[in-house]
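J.: For reference, the chains in residue letters:
Protein chains: 2
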Amino acid sequence: MSYVYMNKDETHFDVLGIVGVGLIGGSLGLAAKKRGLVGNVLGIGRSPEKLERAKQLGAIDEYTTDLVEGAQKADCLILCVPVLTIVPLLTQMVPHLKPGCIVTDVGSTKTKIVKEAEGVLAGRNPFVGGHPMAGSEEAGVDAADADLFVGATYVLTESKNTDKAALRKLIEFASALGADAVTMGTHDHDIRVAMISHLPHIIAAALMMLSPNEAQALAAGSFRDTTRVASSPPNLWRDICESNRNAIIYSIVSLRKQMDEIEFALSDDDFDSIEEMFARAKELRDALAEKKGWKES
Amino acid sequence: MSYVYMNKDETHFDVLGIVGVGLIGGSLGLAAKKRGLVGNVLGIGRSPEKLERAKQLGAIDEYTTDLVEGAQKADCLILCVPVLTIVPLLTQMVPHLKPGCIVTDVGSTKTKIVKEAEGVLAGRNPFVGGHPMAGSEEAGVDAADADLFVGATYVLTESKNTDKAALRKLIEFASALGADAVTMGTHDHDIRVAMISHLPHIIAAALMMLSPNEAQALAAGSFRDTTRVASSPPNLWRDICESNRNAIIYSIVSLRKQMDEIEFALSDDDFDSIEEMFARAKELRDALAEKKGWKES
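Going down the list, the protein sequences come from chains A and B. So the first sequence is residues 1 to 297, counted in our numbering. So the second sequence is residues 1001 to 1297, counted in our numbering.
Extracted from the complex, chain A is given alone in its bound form (with noise of 0.2 angstroms):
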């Protein structure tokens, strides 16, 4: 992983087109009109309600629901659909690119999406992973903000078919955005949000399943911490959960394994382990928390 910090002015696209306004398209939208990072937003959608919202809130100049009209006219396309539709409406779109338009996306898993994404593409285009980490694929249009990527992480992916000049104009429209542009691999990519962001969900969906009512009469704090996010929409999670299969499943023996080492020391009563594994825990996460500036430790 390595940070890339730029202070460049003219990271121009003339038509930046954004494929699906929502939280993080209209963001986009909002956030590289306020920096004058582009000549005009096209918004691109299914819906003329949501869209002509969006230019009523300037988060776009103009907008289609004809996704052939949009690929004709784009110099830049961000798709930011929800990550199962990301490649089949690439796919519609990529027989009319303009030649060297670049193409990228804001989908929370990259493995797969990119290894297809360049498959459809298959040169033509080049094609970077994108996941900026802020908002959700979820909310919609009204909650776009123009600075919810300042001083977010923004991950672009590299692999070995990246176009070399579309990963550094990305990481500079990134950072001119005011994010924190950082480049890894898509496998790498995928085990790390794994780690921090999806095994996390299940397990909040898990602790609810198995605390019957009677329990749950008796959550305080640290259940409620625990399980907030399983309140997260189902037909998301299921799509991250098909997307990421893989590394989630790795994540997944990686918690048992961990699990394993304290059910192991609690049934041979090592509670100075246990005790060294707590204090190490909460060194991590009060380090983490200090680097984060979270207020609530």
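Don't read these hints as lab results, they were simulated from the structure. Bear in mind the structure is a predicted one, so any value in this text is a computation, not a measurement. Possibly wrong hints are sitting among the right ones.
30 angstroms max Cα-Cα, derived DSSO-like pairs, lysine-lysine [what the hints assert, rightly or not]:
| # | chain 1 | residue 1 | chain 2 | residue 2 |
| --- | --- | --- | --- | --- |
| 1 | A | K257 | B | K1257 |
| 2 | B | K1291 | A | K295 |
| 3 | A | K73 | A | K34 |
| 4 | A | K295 | B | K1295 |
| 5 | B | K1295 | A | K292 |
| 6 | B | K1295 | A | K50 |
| 7 | A | K164 | A | K73 |
| 8 | B | K1050 | B | K1033 |
| 9 | B | K1034 | B | K1164 |
Could you slot chain B onto chain A? The hints should help.
T.: Relative to the frame of chain A, chain B by itself:
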């Protein structure tokens, strides 16, 4: 589990002895005095400075650092010390307890404590295990609050040896503090708190241990929430693990079964089952948040 609500004005102990005047002990003193439930609150502890501070705050009326004196004066004795210290302290006080003095505790595990406390008391005085689900054993008396127990669940345990009159009197006392008094067996209590409190703490620690620094750099809201309680005091959690070992092992085994099912569904590409699980968990979580008045979801 049965809920008991009472409206009895005369719940009363002439001298309420509180051993360990921290957040919980201090709050019990403030709460009982505010509601006129006691004649005098006697603080019992090791540190004259801390006891003097508790007196200044109005949490106690007088204090002693002499366990024998404390035992001789109290009509009800509440042990508000860490779980592994409860029985050793009680053992020293037993020979000097007033006849009829009701003894209770506020430890967050119950089976071991109640069994051992009943053992050292040997029928001489009644013992009722208690666990007010509010605050923690660790914070100091400066955080004490006369309304800490209002609306909180206050568990009182019932075993075959439990003195029914003492249990009834403590139910009335807890209810008069504004708490929802709940009775259950010690084993039921321990399994339930293992599931809704101890297991989430262990998982939070395990998640921290699992994720190397590079992954943590990507951490966002779900990781922040799920790992928050990993910042808890390691020595406190060591003691809870020691005190509730068997129930915690049971909770880990239950989690493993749940996670195995999820892994099996993922391996089998059975994303319908995955979505069903997420949907059921969301339903349970939303209902719980509604019932508890949690505002964040």
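J.: If a hint holds in the structure, say so; if it doesn't, say that too.
T.: Do the hints match the structure? See the list:
1. K257/A x K1257/B: holds, 14 angstroms
2. K1291/B x K295/A: Satisfied, since the Cα-Cα distance of roughly 27 angstroms is no more than 30 angstroms.
3. K73/A x K34/A: holds, 21 angstroms
4. K295/A x K1295/B: holds, 18 angstroms
5. K1295/B x K292/A: Given that 30 angstroms is the threshold and the Cα spacing comes to 24 angstroms, the pair holds.
6. K1295/B x K50/A: holds, 29 angstroms
7. K164/A x K73/A: It holds: about 23 angstroms lies between the C-alpha atoms, which stays within 30 angstroms.
8. K1050/B x K1033/B: holds, 19 angstroms
9. K1034/B x K1164/B: Since the Cα atoms of K1034/B and K1164/B sit roughly 27 angstroms apart, the hinted pair holds (cutoff 30 angstroms).
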